[in-house]
Amino acid sequence: MKIVFFIAAWVAILCVALICVFLLANGLPAIGEIGPLNFLLGTKWKPGNDLYGIAPMIVGSVYVTAGAVLIGAPIGIITAVYMAQFAGVRLQKLLRSAVALMAGIPSVIYGFFGLVVLVPVLRNLFGTGKSVLTASILLGMMILPTIISLAESAIRAVPKSYYEGALALGASAERSAFFAVLPAAKSGILAAVVLGIGRAVGETMAVVMVAGNQEIIPNGLFSGVRTMTANIVLEMGYAAGLHKDALIATAAVLFVFILIINFLLSLLKGQEAQ
Amino acid sequence: MNKISIQNLNLFYGSFQALKSLSMDFQENEITALIGPSGCGKSTLLKSLNRMNDLVSSCKITGQVLLDNEDIYGTMNVNLLRKRVGMVFQKPNPFPMSIYDNIAFGPRTYGIRAKMRLDDIVEKALTSAAIWDETRDRLKKSALSLSGGQQQRLCLARALAVAPEVLLMDEPTSALDPISTLKIEELLNALKRDYTIIIVTHNMQQAARISDKTAFFLIDEMIEYGSADQIFSLPKDKRTEDYITGRFG
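Sequence lines, in order, name chains Z and H.
Numbering-wise (the working numbering), the first sequence opens with residue 1 and increments by one.
Numbering-wise (the working numbering), the second sequence opens with residue 1 and increments by one.
None of these hints come from the bench; they were simulated from the model.
Errors might be hidden in some of the hints.
[Stated by the list, open to error] For lysine to aspartate or glutamate, the following EDC-like pairs were computed, each having C-alpha atoms within a straight-line distance of at most 16 Å:
no., chain 1, residue 1, chain 2, residue 2
1, H, Lys140, H, Asp119
2, H, Lys124, H, Asp101
3, H, Lys183, H, Glu134
4, H, Lys236, H, Glu224
5, H, Lys91, Z, Asp245
6, Z, Lys160, H, Asp54
The whole structure should be built from the sequences, with the hints applied where relevant.
What follows is the structure, given as structure tokens:
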């Protein structure tokens, strides 16, 4: 039996290691051939002309993720405060199952929803339907369950005595919740947001469906945008040779982003443990 | 002069009655101690004076509690009531922020933003709670870095910073060592010149040392209420005598 546990546990570690090796083994030579600067800072992605600059995609991922966090984090955190502090038991249950359901909806369905609801609405309002803004709104919705559930448990972990102490000073229930309880849950809430960022950076399907996918550095909220994930999934099917390796290298860059986010997360967790 | 007057107060948690037709007055500029065995409703009574009982959804109250002749369960704004009737809890509960921000929390709630004004309030509050000398050089440090006794004095300072009229203290020294306890007791003695103080304590010596009046509670009612001297030397009721001489409780 011991050997079964051993193998099971090592499968996970092996997977990560293999992914790492695969990305680096295929990605690094491509980056070397293209030139690291040309690859990371180049603004032209034209595989037909052997131009492989992924700066537009990096910027696109950053924009869309930032937009998602700007939309998702405040809504998520306020919802979490409401669930942990004010909502009645029945409403809490309803909210919790809604959030759990949200987390379970496949991203292609979010994408479809974005395509048939968000895109037309935004096109009517602003002229362009598939844009940084559309992708941000959709991703903001998609990271809500992550942020809400993690932030809620962080807020619940704060001793009741902080809330009562603030109330006893004559602070309103809202002020007590936002200025005494919330700061005490700071590191847990930051961790929730960082995990949300991780989800947003890695999301592919939904983004492809609503972002427009032009390989340009977006010049505003209403500009079309292509993220790193979209770049990979859009071209992987027919790419060959250096083109294919450049896409794998894009994945390697994405992987580094995720590593950074995980590193931040473990920093925050360490802070919380203190 | 009566600062708080309780008239025929009944308090229920669901179907359980914690206080039974209680009437009593609290005098201005005096320390009143509430003593009695656990579960006799002293803390409940204390919490009903600043409506912290509102947080317990099953809690129902009938009767009146008058603060300067105004019913606190009437149209009075609860937040304003809690500004006037401050509270120090059993376990020190400083917020996990700097010492300065802890004290400034209350004043900021009431819209005081000017740095000079806040600095002044913080210094005065910490001085009144006899903790200014220990904290003046580390106001930006986390309040959680203080010792338990210091934290409790910080909480007292935090309560004083909103300029309350009444101070409710729920066993404020039960988690503290004897020296910190003594410091708090000395403080209360000095503070009663400006405040009306009501303290719940399990420590009979403490009640005898610091209170002007003492009320003895048993189960759900007040057995005896009088000057501390009288209660501790010549209790009228047999049950009071048994309790303060340590025969039960």
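Comparing the hints with the structure gives:
Among the hinted pairs, lysine 140 of chain H with aspartate 119 of chain H is consistent with the structure: their alpha-carbon atoms are about 12 Å apart, no more than 16 Å. Under the criterion of a C-alpha separation no larger than 16 Å, the hint pairing lysine 124 of chain H with aspartate 101 of chain H is consistent with the structure, at around 14 Å. A distance of roughly 13 Å separates the Cα atoms of lysine 183 of chain H and glutamate 134 of chain H; the hinted pair therefore holds under the 16 Å criterion. Between lysine 236 of chain H and glutamate 224 of chain H the alpha-carbon distance is near 8 Å, which keeps this suggested pair within the 16 Å criterion.
Distance hint between lysine 91 of chain H and aspartate 245 of chain Z is unfulfilled; the C-alpha atoms sit about 62 Å from each other, more than 16 Å. For the hint linking lysine 160 of chain Z to aspartate 54 of chain H, the alpha-carbon distance of about 14 Å falls within 16 Å, and the restraint holds.
In summary, the structure is inconsistent with hint 5 from the numbered list given earlier, while agreeing with all the others.
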